[in-house]
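Let's have the full structure, built from the sequences with the hints guiding it.
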Amino acid sequence: MARTPPLPRRGEEAHGRTPGADAVTGSADIGFVVIGRNEGERLVRCLDAITELAPGLPLVYVDSGSTDGSTAAATERGATVVELDTSIPLSAARARNEGFAALRESHPDAGFVQFMDGDCELAPGWIDRAREAFAASDDLGVVCGLLRERHPEASVYNRLCDIEWNAALGEVRSVGGNAAYRVEPFGAVGGFDSDVVAGEEPELCYRLRHKGWRVLRLDAPMATHDAAMTRFGQWWKRSERAGLAAAQGAWLHGRGPERFNVRRVASNVAWGLILPFLAILLAVPTRGLSIVAVAALFALMAARVWIGARRSHGAKPGLALYGLFTAIGKIPQALGAVRFAWRRLIGAAPRVVEYKDAANSGARSVVYVASYLPRRSETFVYREILGLRDAGWRITPVSLHEPDRDLGDPTVDELADQAMPIYAAGAASLARAVLAELVTHPIRSLSTLFTAAADALGPEPRTPTERAKICLQGAASLRLARVAREAGATHIHAHFAHVPATFAMYAARQLHIPFSFTGHANDLFANRSLLVAKLRRAAFVACISEWHREHYRSVLPTISDDRLVVIRCGVDTDKFTPRDDEANSLPARVVAVARCVRKKGLDILIEAVANLRAHDANVTAVIVGDGPELENLRRLAVERGVADHVRFTAALPNHMVRAELAEADVFCLPCRVDEAGDRDGIPVVLMEAMACGVPVVAGDLPAIRELVEDTVTGRLVPADDPATLAEVLASFLEDRPSATALGRAGRRRVVEEFGLRPNVDRLIAAFESASGAAISGTPPRNTTGERA
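Our numbering numbers the first residue of the sequence shown as 1438 and each following residue consecutively.
It is possible that part of the hints are untrue.
[Unchecked claim] Only pairs whose alpha carbons sit at most 20 Å apart, straight line, appear in this in silico SDA-like list of lysine to any residue: (1) LYS1648 to PHE1549; (2) LYS2012 to ASP1846; (3) LYS2012 to LEU2089.
Note that these hints are calculated values from the structure, not bench results.
What follows is the structure in structure tokens.
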């Protein structure tokens, strides 16, 4: 897998700090444990501050699956790096415990440990102040100082954090993620509870206090924090996380004499759940007065918080907003409590609520969804996934239906085992997942379902059945959203523009992340569904040909060019290679690999073989594949008297297809537009045959012309014209050197434009561009102004 380059070292004079100034002196009695995942430049600042202000003190960095070079940056700065096993559920508590264990192993004499979050930067002089506090009081178990936001002016949410950090001084009940602990009591109580997914610090402080240890906040700068919080959704998730933390703390210790967190959880549920529910329930009989009354109560709460904050902080900017957001925050905090209660009810462990943008932190995680993943006839999908994984991307495969298995490649069979099921999981499992999403994210889920219903009633669906299916797919997509959330996905990509893209579109809306899709053939014509809506909303559309690009533009003329990206279905040209000797078999072998459906034109091939045999040509045809037209094709071969010269095989695994191509003198796929308007894009098997150096004959369709240039890289024949096809095949068999030259030219064309590696690189660039748009908060728009 490709390695991500290390993060750059910050300049020595950054932020006005000279290396060595205010540096800690003395023995290595304090060690640092820093935790992070994809913190980027923030981690660089964190580590540089420690190494400059506390040179020589032990430093451990615990990484939770970063893909942005964080571990290399930590190693470069002399830190001991601990990489967590990401197959085990991650949590800050687990990361800090493993970091503490590594610190104790390397420096068993350290008496204190300073925990730091990777998005925070140590303040000059803090370590000396912490040492002094511990020396002055033998019963002091934890000490922290003042935390300030690095860029409070950057967003209202950063300013809210800055106000929040300005907490009470003196002896306190709990601390945050940045604090110094005395090693003896920390080890005696077992450190952080690794099962606590949020609010692990207050929970640990509770246990320490009940063992007689004091918790102190000093009036001294400790660190600056870089929240980088720019969106309402991030603030909402952070509030949900706080509500979940309070609920889990109350569940663990609420029955004790202190009634830990019980009052807080009751307040959250009363304000954030019961009052809004009553307001809505009584809205009709009270003619809306119930909603007005509850809104007034929230306003009074906001005013009370604002007045209290002014007494504590003075006339500081943003206090009115702080009061307002504190009141509103009761709603997501109540939802966090419901999330915890639901997980307890179904016997599942609570999950971490991520509020930091994965895209903003450099994560490279994409969910791939297809109807069948993998599928024997859709090699291009699983090749693309494997190519992305080789490039260092984390890909979670999702198969709407049961995937194909035993495809002859252990790597692909492993992909089938990894694929997360949607419909294949069963109706009961799907219903539970949808219900869980509705319970834990009710507002967002209802918004997604409303969007699906509005789409179903819109102008695109043509029949009542199609409208009903869209509503059902919108509901089922909540299951996909849960899979993507658990995978930490920053993007959802669908292969095929009909049902898989529908799932991707609604799941992405549910998660507020970008989605994209690759359209092919049947999904754009015979089974088209909500294509205009998808073109409007997708971050980008992967066009397998220039013809597809123009087709999308004809469907939605206002779509911007930069959202229509030509990304071919790539072929692994290292596996599909020419044979050593020139083809010259007798009888000559004409091979076709395709599903037995009308648009493939396999009946035209049989007619052409009959024509050739009637003129004494020594030729046979091999048709690899199955499908609804197979029996009709067999009967046609009998009727034309060539049953002994046309061999049918079942669909074959990829390695056996390569073997058939290696024995082919000519590859033939006389595609057509069928009666329903369905047609091929650029059949991947044509690329595979050309990559093997086999001369090809194909139907003259617009997209295929981009691969096969007539008489240059192959031959094109008119649709439904067996006589012309027979003439072209005869010319290949009569002039083998010219056919061989066409085969070599065809391979060059595939290597230059249709190879797997260059097209995976194009796809990566499109994913990164979509992530960049999500980070900046400016998602792609078409010229109608609708959000993509």
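Structure-based check of all given hints:
no., hint, in the structure
1, LYS1648 to PHE1549, "18 Å, holds"
2, LYS2012 to ASP1846, "13 Å, holds"
3, LYS2012 to LEU2089, "16 Å, holds"
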